[in-house]
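Protein chains in written order, with the working numbering: chain A, 1 to 148; chain B, 1001 to 1405.
Treat the hints with care, since some could be wrong.
[Stated by the list, open to error] Derived lysine to any residue pairs resembling SDA-like cross-links, with alpha carbons at most 20 Å apart:
1. A:Lys41 / B:Lys1369
2. A:Lys16 / B:Lys1237
3. A:Lys41 / B:Gly1339
4. A:Lys4 / B:Asn1394
5. B:Lys1237 / B:Glu1084
6. B:Lys1369 / A:Asn17
7. B:Lys1020 / A:Phe125
8. B:Lys1400 / A:Lys41
9. B:Lys1400 / A:Asn17
10. B:Lys1401 / A:Lys41
FYI, nobody ran anything at the bench for these hints, they're computed from the structure.
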Amino acid sequence: MDLKELYQEIILDHAKNPRNKGKCENYNHDAKAYNALCGDKVHIYLNLEKGKNIKGLSFEGEGCAISLASASILTDTLKGKDLSFTKKVTDDFLKMIKTKSKITLNSLSEDQITTINSLSGVQEFPMRIKCATMAWHALLSAIKKKEV
Amino acid sequence: MNIKNIKSEFPIFKQKINGKPLVYLDSANSSQKPKVVINRMSNFYETEFSNVGRSVHSLAVKATNRFEETRDKVQKYLNAKHREEIIFTKSATESINLIASSFGDKFIKEGDEILTTELEHHSNYVPWHFIRQKKGAKIKFAPVNKRGEVEIDEIKKLINSKTKIIAVTHISNVTGAILPIKKIVDLAKEKKIPVLVDGTQGAPHLKIDIQELGCDFYAISCHKMYGPNGLGILYAKKKWLEELPPYQGGGGMISEVLKDKVSFADTPTKFEAGTMQTADVVAFSEAINFIEELGIKNIQNHEKEILQYGIEKLKKNNSVNIIGEPKERGSVMSFTIKGIHPHDIATILDEDGVAIRAGHHCCQIFHDKVGIAATARASIGVYNSKEDIDVLCNAINNCKKVFNI
């Protein structure tokens, strides 16, 4: 186990300066996730345009560096993307955490891939996996939910 | 045996965690087990095991005797008046559920009040919540003060003619506050209200004289007292046990079972349905021997010294904020570090072999009240030393390094 793998600079940066924090404008979908083990909370807000494009994406929440960074990276990566692409990235991300693979999506920039992959350090810390995945699960539930 | 080198009695300390000696500061969660307890369990399974209270063969007699001898030992250790007042359960949680369910079913009606505090563990709130839902009762929470204590006056204010039971913790598992149980019981006695004490954090650290405390119910978690996991105790005054309906039905707890009616065994058997944790109960005798050999007062003094040292040392660290400042504190210190979430603290400390707990410690009501989502908690057991605290403090500095603080 290596702490440096877990707490990479990218993660600390996102945890300290989370992107897209707050309720995004005109959000029409939202969902919460809660980690009863440690009390971490995340609330995802989504402005889904005609059920196709993610016009706005943001989060509110409190929690550890991993959960904040994960939510921040999620919103940063997927804002402005279309729905099928978002689902694909989310699936790949959850698969990456589970099977220790790395993400290699063509349509993401190299920077974005490096950023997402920075969360893979959590694989070595099984008790922390939920911290990294809860925002992504919340995103999936928000997409599934009816418009508010 | 000597407290100074007591670590050698605990086999778990032989191993390294992440290449470092184990510094175990999570005893409020569960304590480690001395080898006398571990050996007794395997020895019992190897030579004496059988189910208790049922068969008549030699092993069954032996096992039953050992089982009942532990009941006698617990009675003596707690200074309970009768051996029948000691019920074995799977946990302190089950002990409280038993009373909430049996007492609640019989004595709590719509509009009645259950008085508890904002310091309770979920195990002394959620069982009462069930009764609230089932019966339409109310739960009143005596507020916690700035020092992380619950004052006797706050409890006094909330007692009224509708109060049917008072359920309070002996020691808070977050702030470490020791509650004035004796005073609460005296107050309740005037109004003839029974008192349940969640002794999960009390029994491992304090001398418990149940007759002197005077409470009606006392819940104990044996695995926090150097005993086997999966074992709890309920102390209840005999008059209650005779009056209360059984909690679970099944083998062992009956007197006669007919197609149209069932009658029950006398207490304590009435409350011990199904196969009991025989080996755990038998080995718990050794845990009591272990505590008695060291002396609970000596354990208490030792833990107090380590705790004091820990609190003073943590206070010197500017980034550390200790939660609560109770005048009387049990073996717990919860803290936060500015800019680092407790969950991250726990992971980073683990790299240095330091085991603590992070989260809301099953006390969400308290954490909501003080507006903190989670805390880090270091808790002391008999095997901890000042060196352990030094390692903790160095590890905390490593956290700050990882987070560039």
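Do the hints match the structure? See the list:
no.	hint	verdict
1	A:Lys41 / B:Lys1369	holds (17 Å)
2	A:Lys16 / B:Lys1237	violated (55 Å)
3	A:Lys41 / B:Gly1339	holds (17 Å)
4	A:Lys4 / B:Asn1394	holds (18 Å)
5	B:Lys1237 / B:Glu1084	holds (9 Å)
6	B:Lys1369 / A:Asn17	violated (27 Å)
7	B:Lys1020 / A:Phe125	holds (17 Å)
8	B:Lys1400 / A:Lys41	violated (23 Å)
9	B:Lys1400 / A:Asn17	holds (17 Å)
10	B:Lys1401 / A:Lys41	violated (26 Å)
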